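S.K.: Kindly generate the complete structure, drawing on both the sequences and the hints.
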Amino acid sequence: MINRLISLIRKEFIQIVRDPRALAITFLMPVMMLILLGYAATNDVRNIALAVLDQDQSPASRALIAAYRAADYFQLAYVVSSEEEMRQLIDNNSARAGLIIPPDYSEQVNSGRSAQVAFVLDGSDPTVANTALSAAILIGQSQSTRIVTQRLERLGMSRAALSPIDVRTQVWYNPGMVSAYYMIPALIGQILQFLTTLLTATSIVRERERGTIEQLIVTPLRPWELVLGKLAPYVIISFIDMLEVLIAGTILFRVPINGSLILLLTMSALFLVTTLGIGLLISTVANTQQEAMLTTMLTLLPSIFLSGFFFPLAAMPVWLRAISYLIPLRYFLIIARGIILKGVGIASLWSEIVALIIFAVLVMSAAASRFRKSLD
Amino acid sequence: MTETLIRVSGITKNFGVVRALAGVSLWVKEGEIYGLVGPDGAGKTTLIRLICGALRLQAGRISLCGFDVADETERAREQIGYLAQRSAVYEDLTVLENLKFFAEVRGLPKEEWAERCRWLLEFVGLAEFTGRRAGQLSGGMKQKLALAVALIHRPRVLLLDEPTTGVDPLTRLDFWRLIIRLVRGEKLTVLLSTPYMDEAARCTRVGFLHKGHLICEGTPRELRSRLAGRILELIGEPASLLIDLSRADRQVEDVQRFGNSLHLRVQEGQAEMVIRRLNEAIRKAGGRVHRLQLVEPLLEDVFIVLSEG
Ligand SMILES: Nc1ncnc2c1ncn2[C@@H]1O[C@H](COP(=O)(O)OP(=O)(O)O)[C@@H](O)[C@H]1O
Ligand SMILES: [Mg+2]
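Here the protein sequences line up with chains L and Z, keeping their order. Using our numbering, the letters of the first sequence map in sequence onto residues 1 to 376. Using our numbering, the letters of the second sequence map in sequence onto residues 1 to 309.
Honestly, the hints are just simulated from the structure, not real lab data. Don't take each hint at face value.
[Stated by the list, open to error] These stretches of chain Z come out as covered by chain L in the derived footprint (C-beta under 8 Å, 3 or more residues): (1) 80-89; (2) 166-173.
[What the hints assert, rightly or not] Far from chain Z, some chain L residues (derived; all Cβ distances over 12 Å): (3) E85; (4) T212; (5) Q215; (6) F311; (7) I357.
Bear in mind the structure is a predicted one, so any value in this text is a computation, not a measurement. Beta carbons are placed, not taken as given, at the ideal position from N, Cα and C, and that holds for glycine.
M.R.: The following block contains the structure:
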């Protein structure tokens, strides 16, 4: 019996190894996705090209420009001599923002009045514009605080008396607020889901498509042996893929794994039960590998959009957030991010773990009741 | 006393609204080669799949060597080797890997299957190709590998679904030689389906399946004798004239072409009359008759009558 299982698994591995294209996709795709999502799909806005029109040309105006330059949000790309020139740069996307310092800037500052500078912004990319706007305001405010402080200090007042409230922000868990840190745990979940679902569904459907399932049916293999033998190789492959992403993530993006690796692997195994079950369910409805692939995509899309993979759950409208409770990946992402970024343990994740267990049981029993060792 | 190995009684199978089999019963005795014939869509594949338990029965019973297919499925399956209509071997495995896989999955110990594999590969003529991927074999060789796979566990019953369809004539002959050797040497009982009448004629018994009903069965000789004295062979020229005149005769029920000859089916006891009348009519119309005489009916003639209802 155990021998039957082993020979089924061995056969599956021989077939996997002899399909180099599928093998390459299986092992290269996760790293490619990691690199793409880690580098490209990041929300970090840095180095916004800034054009500066300094009509004042004084020590005060240069100090303001230096303050903008010091923050790595902006990169001083152009120094222009007219508003017209600035408009052209923004129109052809060479610059995304512009800073205009009026001719009387230093005069206003030195005489103790409020000086006005203009900040021009290309709003076509809201993410960039939002970041640029808040950064510009912050930099302007801190510069004005500094000027006021200097002025009052000259009058002999102490620093503490000047700012009664001093808000110091401190970001926990992901202090650099690097998107990659947020993405990599999500990517692990998404890879586990996508690959296991797709691979198991197609591996079973392939037997049907090529007619070999008929030959398997007439053997004394039990249905559960057939299922286990077909699934086991892909469980192993999915785990290798997951480790691959973890290792690549720590090397390429220096994602710290703060929590227990064992817990992370255990939770991944739990999540795998659900995704394998989904693959198995798909294999009972799809007749061709193509159908299996399309159906997998169909289950994947809501998972990506509603699990908090890209879009934070907190930002969703209530009804969408309600639907997100039906997406197993949602719970796994909370668990994975919790373990990897926050280093938390079972105690703070138990409700998600229970949810995953419920999904695993439901999906597997649905799959088991539908999967039959027969052609109809 | 010979044992009845396949016992099919009153089975029905519907696919949605399509009735694939409607109350079919048949028995196959030990050592027989039973041929199922019938046009495409008659239900041959469905019947064979039900016998090997690949499809679930909706009504009726099937037992194989005394084991009920529905209740003792796995015991019943141990008795059968099955060759599906689409030969199903793993194309990315080698010849030997295919055999080994199915042997292991069947639970055979290595000592047993290693010897059996050698014998089977020799038997089907694939001994030189053990290391070749099945996908690189010709259609006929693939079919022989599938046959070897079906025989790996020494089944008592062999189910073959159109084993020679799409295979070249030489390989077809080869295949039949193998089947006959198996029946004699390994005491195998065979149930096969075929669209070819010449193959049906080699079976010990033939059943004719039509739209899900087993219309009739018997030995090829019995079936042919149903039309004894009613089939005329006509050879002559021009062909179109012969056909037209034959069709025009009121006592001729049917005209079929077989190569360069025509088979005319005449009403019971009318053969002599028709021969005289047609000879005259053709000569009058300027045609020539080389041969016009009563012949042994072919199975084809029988099945044409049967499928007319
Ligand atoms: N899996 C199936 N689903 C739906 N209809 C089927 C299926 N298998 C066979 N049929 C239908 O059952 C009838 C008998 O088919 P089949 O047994 O394949 O005939 P044969 O093998 O004699 O050509 C046909 O009308 C066919 O369309
Ligand atoms: Mg068929």
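S.K.: Hint by hint, note whether the structure agrees.
M.R.: Status of each hint after checking the structure:
no.: 1; hint: 80-89; verdict: holds (count 7)
no.: 2; hint: 166-173; verdict: violated (count 0)
no.: 3; hint: E85; verdict: holds (65 Å)
no.: 4; hint: T212; verdict: violated (4 Å)
no.: 5; hint: Q215; verdict: violated (4 Å)
no.: 6; hint: F311; verdict: holds (42 Å)
no.: 7; hint: I357; verdict: holds (33 Å)
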